[in-house]
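J.: Starting from the given sequences, assemble the full structure and let the hints guide the process.
For reference, each letter of the sequence shown is one residue, going 1 to 306 in our numbering.
Since the hints were derived computationally from the structure, they do not count as laboratory data.
Using N, Cα and C, we set each Cβ at its ideal position, and we do this for glycine too.
Hints may contain errors.
To be verified - Have a look at the derived ranges for each label pair, beta carbon to beta carbon: (1) Leu8 <-> Tyr171: 47 to 57 Å; (2) Arg90 <-> Ala163: 41 to 51 Å; (3) Phe283 <-> Arg201: 20 to 30 Å; (4) Ala79 <-> Ser177: 33 to 43 Å; (5) Ile288 <-> Ile63: 40 to 50 Å; (6) Asp188 <-> Ile113: 28 to 38 Å; (7) Leu290 <-> Gly62: 31 to 41 Å.
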Amino acid sequence: MEVFAQQLINGLTLGSIYGLIAIGYTMVFGIIGMINFAHGDVFMLSAFIALITFLLLTTVLGIGSVVVALILVMIVAMALTALWGWSIERIAYRPLRGSFRLAPLISAIGVSIFLSNFVQVVQGARNKPTPPMMRDVIVLWTGENGYAVALSYKQIIIMVVTAVLLAGFWYLVQHTSLGRAQRACEQDRKMAALLGIDVDRTISLTFVLGAALAAVAGTMYLLYYGVVSFSDGFVPGVKAFTAAVLGGIGSLPGAVLGGLIIGLIETFWSAYFSIEYKDVAAFSILAIVLIFMPSGILGRPEVEKV
Numbered sequence: 001m002e003v004f005a006q007q008l009i010n011g012l013t014l015g016s017i018y019g020l021i022a023i024g025y026t027m028v029f030g031i032i033g034m035i036n037f038a039h040g041d042v043f044m045l046s047a048f049i050a051l052i053t054f055l056l057l058t059t060v061l062g063i064g065s066v067v068v069a070l071i072l073v074m075i076v077a078m079a080l081t082a083l084w085g086w087s088i089e090r091i092a093y094r095p096l097r098g099s100f101r102l103a104p105l106i107s108a109i110g111v112s113i114f115l116s117n118f119v120q121v122v123q124g125a126r127n128k129p130t131p132p133m134m135r136d137v138i139v140l141w142t143g144e145n146g147y148a149v150a151l152s153y154k155q156i157i158i159m160v161v162t163a164v165l166l167a168g169f170w171y172l173v174q175h176t177s178l179g180r181a182q183r184a185c186e187q188d189r190k191m192a193a194l195l196g197i198d199v200d201r202t203i204s205l206t207f208v209l210g211a212a213l214a215a216v217a218g219t220m221y222l223l224y225y226g227v228v229s230f231s232d233g234f235v236p237g238v239k240a241f242t243a244a245v246l247g248g249i250g251s252l253p254g255a256v257l258g259g260l261i262i263g264l265i266e267t268f269w270s271a272y273f274s275i276e277y278k279d280v281a282a283f284s285i286l287a288i289v290l291i292f293m294p295s296g297i298l299g300r301p302e303v304e305k306v
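T.: Spelled out as structure tokens, the structure:
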């Protein structure tokens, strides 16, 4: 029972990180119908920005409070990564928006390769560690065999940040003018433009918000693992995309729900079965769910008007 509870906590933490990345995927797809395959590398880039900022704040500026440093790191990472997201949309995606459907996809793959190689050249191919930010844990209970179920402060931060951001972005989409513009562009971009909505501005802001969320996920990833590499964008990006599809791409709660499911599957499979097959288990569950629920768990079936 103690091992199960500990793996449940670990799985929810990992799933929260996947969910944060998956929201960025589902926001972009919901508006322009394009899978931004560079989003995973934007997440990796944001983790490096967070690492550099944290080291500058703690070693150069001498900030001793981890909480203050973490807040400043998140603000800087969100701002710089959002600028990257805006630049990528303007340079790589907007000129191809009216082209055939595969053109933006090819461009996204090109941006992904560019970001990965850019970080490799600038930062090197080695893993980049950071000093432990938080080591304190809360021991929930100890079993008869001496196994202690612990919840660390960084795990609490990751899960709380995910819940708060999900609630905030759901409110933004459902109850603000930007959210109404996003939903209008999702239904029909041409009609939205005829009704006075600035479609280009709405899409750019969506990319900015998605990149900012990736920055939060990158900061949480660095906080949790304490190390980052230039190759860390591909696998988490694919897992987050899988989470978005599993939960129902286009649904913000579905993206987080899918992330939690993927995180729990990986964690429990690694604890009770062979760790080498955890990815096989996650993608097998995805295939099974999509066979019976093609739109995902919370996704809505697409209805075409004729």
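J.: With reference to the structure, classify each hint as holding or not holding.
T.: Hint check:
About 28 Å separates the C-beta atoms of Leu8 and Tyr171, a value inconsistent with the hinted range of 47 to 57 Å. Between Arg90 and Ala163, the C-beta spacing of about 32 Å breaks the proposed range 41 to 51 Å. Taking the beta carbon of each, Phe283 and Arg201 are about 37 Å apart, not inside 20 to 30 Å as hinted. Taking the beta carbon of each, Ala79 and Ser177 are about 23 Å apart, not inside 33 to 43 Å as hinted.
Our hint of 40 to 50 Å for Ile288 and Ile63 holds, since their Cβ atoms are close to 48 Å apart. For Asp188 and Ile113, the Cβ-Cβ distance of about 33 Å falls inside the hinted range of 28 to 38 Å, so the restraint holds. Distance hint check: the CB atoms of Leu290 and Gly62 are about 52 Å apart, inconsistent with the given range 31 to 41 Å.
Hints 1, 2, 3, 4, 7, counting from the list given before, are not met by this structure.
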